[in-house]
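Engineer: Sequence:
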Amino acid sequence: MANGEKTLSHHKKIQIIAFLGIVLIMLVLVALMLKPLANILLFSGILAVIFRPFYNALLKRFKNTSAAAGVVVFVVLTFLVLFIWGFGQLLFNEIADLYFRFKSGEFVFNRSEIISQLPSFLQDTVRTLSADINSVLGKAASGVFQSFSTVVSNLASFFFSLFIAFFAFYYLLKDGSKLKYLVLEIAPISGGQENLILEKIIKSVNGVVKGTFLVALTQSIIALIGFIIFGVPNPLLWAMCTFVAAFIPNIGTAIVMIPAVAYVFLTGHTGAGIGLTIWAVVAVGLIDNILSPKLVGRSAQLHPLLVLLSVIGGLQLFGFLGFLLGPIFMAVFVALIEMYTVDFKEYLQK
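Per my numbering: the sequence shown = residues 2 to 351.
Everything labelled a hint here was simulated from the structure, so no lab data went into it. Quick reminder that beta carbons are idealized off the backbone N, C-alpha and C, glycines included. Warning: the hint list may mix true and false statements.
Only pairs whose alpha carbons sit at most 25 Å apart, straight line, appear in this in silico PhoX-like list of lysine-lysine [stated by the list, open to error]:
1) Lys-36 - Lys-181
2) Lys-179 - Lys-61
3) Lys-179 - Lys-36
4) Lys-181 - Lys-211
5) Lys-181 - Lys-64
6) Lys-179 - Lys-64
7) Lys-181 - Lys-61
Restraint ranges, calculated between C-beta atoms of paired labels, are given here [said to hold, decoys possible]:
8) Phe-55 - Ile-256: 27 to 37 Å
9) Phe-101 - Tyr-182: 50 to 60 Å
10) Phe-63 - Leu-183: 18 to 28 Å
11) Phe-168 - Phe-88: 21 to 31 Å
With the sequences and hints as input, model every part of the structure.
Structural biologist: Below, the structure written as structure tokens:
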């Protein structure tokens, strides 16, 4: 009888190993199958986390998960389409204008006039460095225009991705509670740790989006107003650069505002240069200090070096969404390290 029990136990182990092997194979196949859609699904997940409070409020009113999720998706999709249409039209006009002005030779830098306004000890150095500046800027503008044209030509792919993203967004809202329960059931860690990780993910998503994204968006809008008021050419392009630069900690918008101010001064508009300098320091520079604590608080805060590395690495790994996904994954990783030091380190050292 004992031998029979041992034999049964041996067969059971083989069955478990075989089952886990099949699960692993299917997991790899499913992962490979979903890999092309990874960014789209991650984007849907971010939307689901951000708009979950809105969904919960509607759910109390409608008492129906499908109706509440449908309204949220409709509102978000309508806003996104209108924003893309309006912003895309403005951006295309700006890039086209910049490209044709360079091509026609209208928008060129008068190197002699600019260099003559510099201190004598800098003139030779700047003259050497700026020898081909018009050619470089012309090529850059042409490259941006061609890249934008490529994006426009891939509209079919874009709208297909948008459809998949919002289809997944709908079901992540509608069935999010069921999915959360399933994850908690199959995760091989304790319930407290599972809830801690999920809470950290939610805080990271809200922190990154409400903090980094909204602050960057606000700074770029304020900067755009300043560029328009003080006569910086192609202000929308400068504002876009400001938006991207705002994600770089400690330095941020200064990367764009300093060259913009220098351009205005070097083209002989001293009054406008002074005005833009004050605008950059007061209106743009202080936004981060005022808004970030209110929008983010202290949740999901990372060391500035980790933020910079996660943004750059995220952009390289995930593309455009990397500026959101990088800090989110970094925050979760930091949470796991903290969890290890509290719950596992002592056990593993025994």
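Engineer: Indicate, hint by hint, whether the structure satisfies it.
Structural biologist: Cross-check of the supplied hints:
no.	hint	result
1	Lys-36 - Lys-181	holds, 22 Å
2	Lys-179 - Lys-61	holds, 18 Å
3	Lys-179 - Lys-36	holds, 23 Å
4	Lys-181 - Lys-211	holds, 23 Å
5	Lys-181 - Lys-64	holds, 20 Å
6	Lys-179 - Lys-64	holds, 17 Å
7	Lys-181 - Lys-61	holds, 20 Å
8	Phe-55 - Ile-256: 27 to 37 Å	holds, 34 Å
9	Phe-101 - Tyr-182: 50 to 60 Å	holds, 57 Å
10	Phe-63 - Leu-183: 18 to 28 Å	holds, 24 Å
11	Phe-168 - Phe-88: 21 to 31 Å	holds, 24 Å
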